[in-house]
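Hey, can you work out the whole structure from these sequences and the hints?
Chain residues, written in single-letter form:
Protein chains: 2
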Amino acid sequence: MTQVLLEAGSLVLSADAVIPEPGYVLWQDGVILATGRGVYPGPRDGMEVVSRPRAVAIPGLVNTHGHAAMTLLRGIGDDLPLQAWLTERIYPAEAKLTGEAVYWGTLLACWEMIQSGTTCFTDMYFFMHDAARAVEESGLRGVLSWGMVGLDEQSRASGLGNSRAFFERWNGAADGRIRVTLGPHAPYTCPPDYLAQVADLSAALGAPVQIHLSETRREVEECLEQHGTTPIQLAERCGLLQRPVLAAHCVHLTEEDVALMRTRDVRVAHNPQSNLKLASGVAPVVKLLEAGITVGIGTDGAASNNNLDLFEELRLAATLHKGVLQDATAVTATEAFTMATASGARCVFGENGQGTLHPGAPADIVLLNLDSPHFLPTYDLLSNIVYAAGAGDVTDVFVAGRALLRNREPVTLDVERIRHEVRRLEARLRPGS
Amino acid sequence: MTQVLLEAGSLVLSADAVIPEPGYVLWQDGVILATGRGVYPGPRDGMEVVSRPRAVAIPGLVNTHGHAAMTLLRGIGDDLPLQAWLTERIYPAEAKLTGEAVYWGTLLACWEMIQSGTTCFTDMYFFMHDAARAVEESGLRGVLSWGMVGLDEQSRASGLGNSRAFFERWNGAADGRIRVTLGPHAPYTCPPDYLAQVADLSAALGAPVQIHLSETRREVEECLEQHGTTPIQLAERCGLLQRPVLAAHCVHLTEEDVALMRTRDVRVAHNPQSNLKLASGVAPVVKLLEAGITVGIGTDGAASNNNLDLFEELRLAATLHKGVLQDATAVTATEAFTMATASGARCVFGENGQGTLHPGAPADIVLLNLDSPHFLPTYDLLSNIVYAAGAGDVTDVFVAGRALLRNREPVTLDVERIRHEVRRLEARLRPGS
Numbered sequence: 000m001t002q003v004l005l006e007a008g009s010l011v012l013s014a015d016a017v018i019p020e021p022g023y024v025l026w027q028d029g030v031i032l033a034t035g036r037g038v039y040p041g042p043r044d045g046m047e048v049v050s051r052p053r054a055v056a057i058p059g060l061v062n063t064h065g066h067a068a069m070t071l072l073r074g075i076g077d078d079l080p081l082q083a084w085l086t087e088r089i090y091p092a093e094a095k096l097t098g099e100a101v102y103w104g105t106l107l108a109c110w111e112m113i114q115s116g117t118t119c120f121t122d123m124y125f126f127m128h129d130a131a132r133a134v135e136e137s138g139l140r141g142v143l144s145w146g147m148v149g150l151d152e153q154s155r156a157s158g159l160g161n162s163r164a165f166f167e168r169w170n171g172a173a174d175g176r177i178r179v180t181l182g183p184h185a186p187y188t189c190p191p192d193y194l195a196q197v198a199d200l201s202a203a204l205g206a207p208v209q210i211h212l213s214e215t216r217r218e219v220e221e222c223l224e225q226h227g228t229t230p231i232q233l234a235e236r237c238g239l240l241q242r243p244v245l246a247a248h249c250v251h252l253t254e255e256d257v258a259l260m261r262t263r264d265v266r267v268a269h270n271p272q273s274n275l276k277l278a279s280g281v282a283p284v285v286k287l288l289e290a291g292i293t294v295g296i297g298t299d300g301a302a303s304n305n306n307l308d309l310f311e312e313l314r315l316a317a318t319l320h321k322g323v324l325q326d327a328t329a330v331t332a333t334e335a336f337t338m339a340t341a342s343g344a345r346c347v348f349g350e351n352g353q354g355t356l357h358p359g360a361p362a363d364i365v366l367l368n369l370d371s372p373h374f375l376p377t378y379d380l381l382s383n384i385v386y387a388a389g390a391g392d393v394t395d396v397f398v399a400g401r402a403l404l405r406n407r408e409p410v411t412l413d414v415e416r417i418r419h420e421v422r423r424l425e426a427r428l429r430p431g432s
Numbered sequence: 000m001t002q003v004l005l006e007a008g009s010l011v012l013s014a015d016a017v018i019p020e021p022g023y024v025l026w027q028d029g030v031i032l033a034t035g036r037g038v039y040p041g042p043r044d045g046m047e048v049v050s051r052p053r054a055v056a057i058p059g060l061v062n063t064h065g066h067a068a069m070t071l072l073r074g075i076g077d078d079l080p081l082q083a084w085l086t087e088r089i090y091p092a093e094a095k096l097t098g099e100a101v102y103w104g105t106l107l108a109c110w111e112m113i114q115s116g117t118t119c120f121t122d123m124y125f126f127m128h129d130a131a132r133a134v135e136e137s138g139l140r141g142v143l144s145w146g147m148v149g150l151d152e153q154s155r156a157s158g159l160g161n162s163r164a165f166f167e168r169w170n171g172a173a174d175g176r177i178r179v180t181l182g183p184h185a186p187y188t189c190p191p192d193y194l195a196q197v198a199d200l201s202a203a204l205g206a207p208v209q210i211h212l213s214e215t216r217r218e219v220e221e222c223l224e225q226h227g228t229t230p231i232q233l234a235e236r237c238g239l240l241q242r243p244v245l246a247a248h249c250v251h252l253t254e255e256d257v258a259l260m261r262t263r264d265v266r267v268a269h270n271p272q273s274n275l276k277l278a279s280g281v282a283p284v285v286k287l288l289e290a291g292i293t294v295g296i297g298t299d300g301a302a303s304n305n306n307l308d309l310f311e312e313l314r315l316a317a318t319l320h321k322g323v324l325q326d327a328t329a330v331t332a333t334e335a336f337t338m339a340t341a342s343g344a345r346c347v348f349g350e351n352g353q354g355t356l357h358p359g360a361p362a363d364i365v366l367l368n369l370d371s372p373h374f375l376p377t378y379d380l381l382s383n384i385v386y387a388a389g390a391g392d393v394t395d396v397f398v399a400g401r402a403l404l405r406n407r408e409p410v411t412l413d414v415e416r417i418r419h420e421v422r423r424l425e426a427r428l429r430p431g432s
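Chains A and B, in that order, give the protein sequences.
Be aware that the first sequence starts at 0, since it is given in numbering that gives the first Met the number 0, and climbs by one per residue.
Be aware that the second sequence starts at 0, since it is given in numbering that gives the first Met the number 0, and climbs by one per residue.
Simulated from the structure, these hints should not be mistaken for lab results.
C-beta atoms are modelled at their ideal positions from N, C-alpha and C, and glycine is treated no differently.
If you only want the chain A side, here are some residues facing chain B, beta carbon under 7 Å, derived:
id, residue
1, Leu277
2, Ala278
3, Asn306
4, Leu319
5, Ala332
6, Tyr378
7, Asn383
8, Val421
Below, the structure is given as structure tokens:
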């Protein structure tokens, strides 16, 4: 394949490798071959040159937790207590979803994520073959799981069966952009023996696991009542933490939980805005980072956020803990940027180098407009990116070296069609309709 | 003057008057004459028609606290304890500022605020004649004050003298878009007798006051030590709260403080992101709202935020308190939107109807792109605006009926020139230079 040479005004190869002056990234077959300051020193014969002197190139952001098609439920219920939100708004609307709806909702999510600089995302939902088709078409990288609940025999069997079939059909598909993980929803919807079965399936398939753990205080209290232990320790007891696990939320943790998560190398998806909006609380991210646990950042679904803008989350991760702990040094710009990129990639069991622009990494690259007021002045480029810039500054997005957004215009998606189909579905999903 | 008819796809006249279908706003001489659903029923002879069927029109946002020219210090110091941030980064750079620098820094702030949907902002800084020139040229509405500190005789006299001269020169200037208030910095920089002098000057000029109050725990503790009372109650004792007062921050309050603020109709500028980033804490906004106190939203200066995007703040105001109080009904979308618009206008002692699009209000109008994924679907338009949309969705901005942003392009500002001048100043302000 043709080599592509990207010339940018500045580069952030990773949080600790910032080039605040012009430089380049060279890739081929979706993998970065070389990066450097100044002008590319080698011959350019046959190369495609993408010249963006007024942009900074950063690694694409990794969204470590979400439910993509829940874009269809954006704004369907807000400012409600959790139980009313679930039972009066979310569950009734979800009961109306079909594979076709999930396909269009996932495409809407992909559009929004591309437009805001995300190159890789996780998903846990249902009708996942339809979601995977959308990811394949979008050009994004997706780490997908069929959400499993084990409340009765039928749901238990279909969850395991769907997951296995989904893994066999889609893991490694779309030139490796799609990877399949197992998605047991949570200990409060999956009883211990079911979690043990999921752990066995995970081992049999070699598939990592994503799961919601310790999101709300009530969940932890009920787990203590029913099982005599915390959700984290229950997951360990079921053999789940011995598998590679990405745990979403982890808002309410004990010290024993943290120690265990460290031992088992559990990765955490921190969803600061969703945790605030659903009144779950504030995850102890500083403690997790101090323990050496890998923490990534997620948006959660658009019904509880209500957008998929990871720049917002990354900024909130960098400011929220300072305020809550009353410590202005808590979660630095470097830490927040790493969470949204390299640590995010580690959270999703990503490829070598993913989440950086170092040679060998996949060419998942986002360009931000340096002409935006958010980059004036620029004493510290990483600070501008973390504390000032936003989704509105994203101009170009590449995944595996392929342009998904070019000068703010989606390349792979027919956004007029998505808009039309979502409006049609909206009429069907509207409460009372 | 010509009448202007804006035809929009949807309208939010105020938080409690949402028109989720096409409608219009008619204005003349900067003041709204009529609004309504559907097509304007009257004759259109001689009218200028602005047709935006794919946009929602909302009242322009009001930024109730900031230091505009501190855009020049964006990112000059982050992730530092407050004292190190001030003494090692902010004060040395501020010592290098000139009137010319403040002019360009304020223009940069105006550009950023226009681009993100703010139509009226407050400012407390120095070299304020230069700041006012920038506001005049930008077309924005500014509520400006010369920051006063009373640490020695010279600073006391010059603060009062500058403020009086600034008031006389600029209050009501730029067709009334500029209003001048008095800006005693804070009780910890203005001793009680100086605050009393400021109160007297406020009464003599008929000028309201803006001041920082109870921002940090340390400030309150030191005030208790030195004066035996809280900053709020000290301000009362000095006669300041008997004047119209906009108090910024109010993070650390006692019940007596809140009761007194209610009695005195003190207005509060809530700066959620700055309070988090500087580790000041979380203001008791729910308590303030329950007490019936008028609360607006502010960005604070770009050195402690680090941008002037009020959509971010409005969303944070709507989510932060839910999470911290673990109550998903705390600060609803309606409340947050009102804080950023109508209550913000009341905070800045604004004109009749300001912060709404009702007849008689100034034609300060922002258009958001309904084609953005943030508006798909739209079960509740206000929810989409508060919880999903952002600065990147702003396409057009009018202040007093005049277009300041048209299809994302600034109309009144020479942004190339601003960029050039800020880059020049950046070289001078850079730490160590």
